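Asks: Going by the numbering used here, the first residue of the sequence shown is number -4, and it counts up by one from there.
None of these hints come from the bench; they were simulated from the model. On a predicted model such as this, the values are computed, not experimentally measured, just so you know. Misleading hints may appear alongside valid ones.
What the hints assert, rightly or not - Computed Cβ-Cβ distance ranges for the label pairs, DEER-style:
| hint | residue 1 | residue 2 | range |
| --- | --- | --- | --- |
| 1 | R(-1) | A36 | 27 to 35 Å |
| 2 | A36 | A56 | 24 to 32 Å |
| 3 | A6 | D52 | 16 to 24 Å |
| 4 | A35 | A56 | 25 to 33 Å |
Cβ coordinates follow ideal geometry from the N, Cα and C atoms, glycine included.
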Amino acid sequence: MRLREFRRAVADEFGPRGPSLTADLVLGALGGRSADEAIAAGVDAGIVWTALCDATDVPPARRHGVGLAEPPR
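All chains should be built: construct the whole structure from the sequences, respecting the hints.
Replies: Shown next as structure tokens:
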């Protein structure tokens, strides 16, 4: 996942609260960092997206993100 795809997926899933979640929500799966901190530290955006989805209970059907290629079936 590219960074722009991550940002689009966050906006599509979380709407206006997306930037607050990525800045403020501490994610244990990312070593106690926020999504923004993890990305700044070089963690792959796809890993960050998965951690954010896990922490916020995004259903698997919506994890792929609008505007991304469909996952393999």
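Asks: 25 to 33 Å was suggested as the range; check whether the CB atoms of A35 and A56 agree with it.
Replies: Taking Cβ atoms as reference, A35 and A56 lie about 30 Å apart, which means the hint holds.
Asks: Given a hint of 27 to 35 Å, does the C-beta separation of R(-1) and A36 actually sit inside it?
Replies: Violated, since R(-1) and A36 (Cβ atoms, about 19 Å apart) do not stay within the stated range.
Asks: With respect to the beta-carbon atoms only, verify the hint that A6 and D52 lie 16 to 24 Å apart.
Replies: For A6 and D52 the Cβ distance comes to about 18 Å; the hint holds.
Asks: When you take the CB atoms of A36 and A56, is the distance between them in 24 to 32 Å?
Replies: holds (30 Å)
Comparing the model with each numbered hint stated earlier shows that hint 1 is the single one that does not hold.
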